[in-house]
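Taken in sequence, the protein lines are chains A and B. Quick note on numbering: the working numbering labels position 95 of the first sequence as 95, and the sequence is numbered without any gaps. Quick note on numbering: the working numbering labels position 136 of the second sequence as 136, and the sequence is numbered without any gaps.
Worth double-checking, as some hints may not be accurate.
[What the hints assert, rightly or not] Label-pair restraints from in silico Cβ distances:
(1) Val333/B x Ala44/A: 55 to 61 Å
(2) Ala80/A x Asp97/B: 52 to 58 Å
(3) Ala56/B x Arg161/A: 54 to 60 Å
(4) Ala302/B x Pro233/A: 42 to 48 Å
(5) Ser246/A x Pro23/B: 37 to 43 Å
Source of the hints: derived by calculation from the structure; they are not laboratory data. For each residue, glycine too, the CB sits at the ideal point set by N, CA and C.
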Amino acid sequence: MTLTAGRPVVGTSRAADVRRALAVVMDPELDEPITDLGFVRSVAVDEAGGVEVHLRLPTSFCSPNFAYLMTSDSKDVLTALPWASSVVVQLDDHHDSDRINAGLAADAGYRGTFGQEAEQDLEELRETFRRKAHTAAVERCLTELLRARPERDVESLGDVRLADLAPGQHTEALLRRRAALALPLDDTAPVLVDHAGDPPQDVPLALRRARSTRISIDGNAHFCRGLLRTRYPGSEQDQVHRADGSEAADEAYDPTFIPLTTLKTTQTEETDR
Amino acid sequence: MYSKDGENYFIVDAHVALWDARPENIRNVQGQQFIDCFYDYHANLSPESEVWSKEAYLYQGGERLMKDLFEDGYVDHAIFQPAHLGEFYHRGFGQTDEASALAARHPDKLTYNHNFDPRNGEAGLDQLRADAERFGLKGVKLYTAEWHGASRGWRLDDPMAYRYFELCRELGITNIHIHKGPTIRPLDRDAFDVADVDHAATDFTDLNFVVEHVGLPRLEDFCWIATQEPNVHGGLAVAMPFMHTRPRYFAQIIGELLYWIGEDRIQFSSDYALWTPRWLIEQFVDFQIPEDLTEYAPLTTAQKKKILGLNAAKMYDIEVPAALRLPAADEPVTGPRQPEAADLGAMAAV
Numbered sequence: 001m002t003l004t005a006g007r008p009v010v011g012t013s014r015a016a017d018v019r020r021a022l023a024v025v026m027d028p029e030l031d032e033p034i035t036d037l038g039f040v041r042s043v044a045v046d047e048a049g050g051v052e053v054h055l056r057l058p059t060s061f062c063s064p065n066f067a068y069l070m071t072s073d074s075k076d077v078l079t080a081l082p083w084a085s086s087v088v089v090q091l092d093d094h095h096d097s098d099r100i101n102a103g104l105a106a107d108a109g110y111r112g113t114f115g116q117e118a119e120q121d122l123e124e125l126r127e128t129f130r131r132k133a134h135t136a137a138v139e140r141c142l143t144e145l146l147r148a149r150p151e152r153d154v155e156s157l158g159d160v161r162l163a164d165l166a167p168g169q170h171t172e173a174l175l176r177r178r179a180a181l182a183l184p185l186d187d188t189a190p191v192l193v194d195h196a197g198d199p200p201q202d203v204p205l206a207l208r209r210a211r212s213t214r215i216s217i218d219g220n221a222h223f224c225r226g227l228l229r230t231r232y233p234g235s236e237q238d239q240v241h242r243a244d245g246s247e248a249a250d251e252a253y254d255p256t257f258i259p260l261t262t263l264k265t266t267q268t269e270e271t272d273r
Numbered sequence: 001m002y003s004k005d006g007e008n009y010f011i012v013d014a015h016v017a018l019w020d021a022r023p024e025n026i027r028n029v030q031g032q033q034f035i036d037c038f039y040d041y042h043a044n045l046s047p048e049s050e051v052w053s054k055e056a057y058l059y060q061g062g063e064r065l066m067k068d069l070f071e072d073g074y075v076d077h078a079i080f081q082p083a084h085l086g087e088f089y090h091r092g093f094g095q096t097d098e099a100s101a102l103a104a105r106h107p108d109k110l111t112y113n114h115n116f117d118p119r120n121g122e123a124g125l126d127q128l129r130a131d132a133e134r135f136g137l138k139g140v141k142l143y144t145a146e147w148h149g150a151s152r153g154w155r156l157d158d159p160m161a162y163r164y165f166e167l168c169r170e171l172g173i174t175n176i177h178i179h180k181g182p183t184i185r186p187l188d189r190d191a192f193d194v195a196d197v198d199h200a201a202t203d204f205t206d207l208n209f210v211v212e213h214v215g216l217p218r219l220e221d222f223c224w225i226a227t228q229e230p231n232v233h234g235g236l237a238v239a240m241p242f243m244h245t246r247p248r249y250f251a252q253i254i255g256e257l258l259y260w261i262g263e264d265r266i267q268f269s270s271d272y273a274l275w276t277p278r279w280l281i282e283q284f285v286d287f288q289i290p291e292d293l294t295e296y297a298p299l300t301t302a303q304k305k306k307i308l309g310l311n312a313a314k315m316y317d318i319e320v321p322a323a324l325r326l327p328a329a330d331e332p333v334t335g336p337r338q339p340e341a342a343d344l345g346a347m348a349a350v
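Could you put together the complete structure from these sequences and hints?
Here it is in structure tokens:
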């Protein structure tokens with residue numbers, strides 16, 4: 001028996017386990033779970049505990065290092081499922097699919113997969129993007145304060161403490177990013193700090209740089225989602241709405257919206273009948 | 001030239017191609033994937049009325065290019081920026097003979113830039129000399145993710161790349177267009193990082209480094225190095241079409257660029273045939289920063305004129321009618337070029 005997740009079928013608890021496990025695998029570049037991005041193409045589970053998952057990406061030429069991280073992280077979290085007897089993760093339609101899939105099947109690791117193209121490991125790459133994600137989270141929180149009180153002196157944002165942030169999505173996201181960098185989480189900790197916890201010398205310039213980072217991540221996240229939808233029609237059904245950086249055009253395909261045009265069409269059809 | 005509301009815009013399309021991705025030229029699956037990827041970019045970001053069929057997208061030819069750019073597209077001058085991709089396409093992706101012949105027939109309208117690959121070593125240096133003479137090169141387009149045997153990328157600060165830049169200097173090839181791509185050895189680090197551009201720009205201050213796609217997907221890294229170097233510029237290839245589907249994102253890109261690199265260092269391009277210039281120019285002239293993005297000052301007509309053509313014309317010594325010229329802005333050589341144009345602290349004053 002093969003069960004496919006995504007469709008509510010009775011007895012899909014193991015497939016649901018798989019989905020839940022995959023939800024902790026992040027696209028480091030976009031700072032989002034691969035399950036929200038629609039990167040999980042299919043999940044199949046058999047009675048013996050065999051799992052086969054296929055991943056898909058927005059283009060064939062997405063960076064192979066990120067592609068490898070997401071596929072190998074997926075294999076790791078699935079292998080950790082207590083009932084999983086065998087795990088196959090395949091990356092579909094990528095220029096490096098053959099190499100990555102062969103490396104994963106052989107548990108060859110990063111260096112075993114990429115050979116001479118790999119030097120040490122991908123830890124520095126992960127760290128670069130953990131820092132960027134933190135920088136963007138700081139900017140969202142501080143810009144929110146600035147928009148709420150535009151007359152505020154930008155310089156004073158250097159004095160904002162965690163306790164000064166209103167509870168909400170952006171604050172929660174900041175706390176998660178801080179935890180990932182092992183930065184303090186107590187109320188008195190300053191918000192505008194770098195990855196090491198150090199405050200900037202020039203507050204307005206630091207905020208400006210953080211803003212360009214946030215714009216970049218939000219822009220990339222939406223562009224990648226859009227390319228996935230173009231490449232795999234119907235994949236919008238597997239994407240979770242991203243509020244940060246969303247635009248009017250997103251209403252056209254976002255399944256969480258109920259576009260008025262759809263309602264009108266339905267009415268017209270009913271009238272015709 | 002494009003005219004609207006009594007204003008005239010001299011247009012330079014600083015990044016165009018004459019490519020061939022028809023089946024007979026495709027060498028392997030990567031060649032197919034490459035053009036498929038381009039087509040998805042095209043289909044995803046174009047207005048519905050501007051989407052081509054896949055068949056039309058594979059190859060345009062010189063006649064269609066001339067029509068799309070100069071008859072329909074308002075372009076006064078366009079610059080070929082060819083990608084070689086010899087590992088993916090039998091005769092390469094950018095069509096050297098056809099594009100350079102077209103440029104030779106229309107020197108007033110077209111400039112042909114060529115490319116080099118430092119992994120070709122000494123022989124490549126000789127080839128660059130020959131190419132400079134054959135094409136009268138003023139510029140080159142470098143794609144750092146080009147595959148080459150077992151290698152899948154190179155960096156601008158590789159020692160051999162410096163030999164090529166030294167030769168560029170000697171040959172008067174002053175305009176270095178760079179497209180960062182995703183596969184560079186080692187894979188350990190972010191391949192889109194533009195730090196190598198920073199090194200090369202610092203060591204070759206007499207060359208212009210135009211970072212295509214304004215460093216996307218790493219706008220922040222690009223802005224940070226570009227603001228510190230007087231000779232780093234931003235090309236808007238691929239960034240332009242976001243104006244249609246993601247106008248807020250585009251507004252923020254332009255707002256950040258004006259803040260960090262200023263109005264004299266940004267160049268328009270359609271990235272033809274990824275997109276066609278006509279709708280991009282029409283929409284850009286009408287474009288304005290959304291009112292609620294109060295951290296950015298509104299775009300001025302002068303800024304639009306510079307971006308759409310005057311900046312690239314200056315870099316390439318392209319003759320601009322006297323009435324359409326504009327003076328350089330009073331911007332510092334380095335550091336945020338227009339801090340007052342993008343300052344959230346000024347929101348209170350808006």
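Now for the hints, and whether the structure bears them out:
Under the hint 55 to 61 Å, the C-beta atoms of Val333/B and Ala44/A, about 60 Å apart, fit the expected range. For the hinted restraint 52 to 58 Å between Ala80/A and Asp97/B, the CB-CB distance of approximately 57 Å keeps it satisfied. Against the hinted window of 54 to 60 Å, the Cβ-Cβ separation of Ala56/B and Arg161/A comes to about 58 Å, which satisfies the hint. Distance hint check for Ala302/B and Pro233/A: the Cβ-Cβ separation is about 43 Å, which falls inside the suggested range of 42 to 48 Å.
Take Ser246/A and Pro23/B: their Cβ atoms lie about 39 Å apart, and the range 37 to 43 Å holds.
When held up to the earlier numbered hints, the structure conflicts with none and fits them all.
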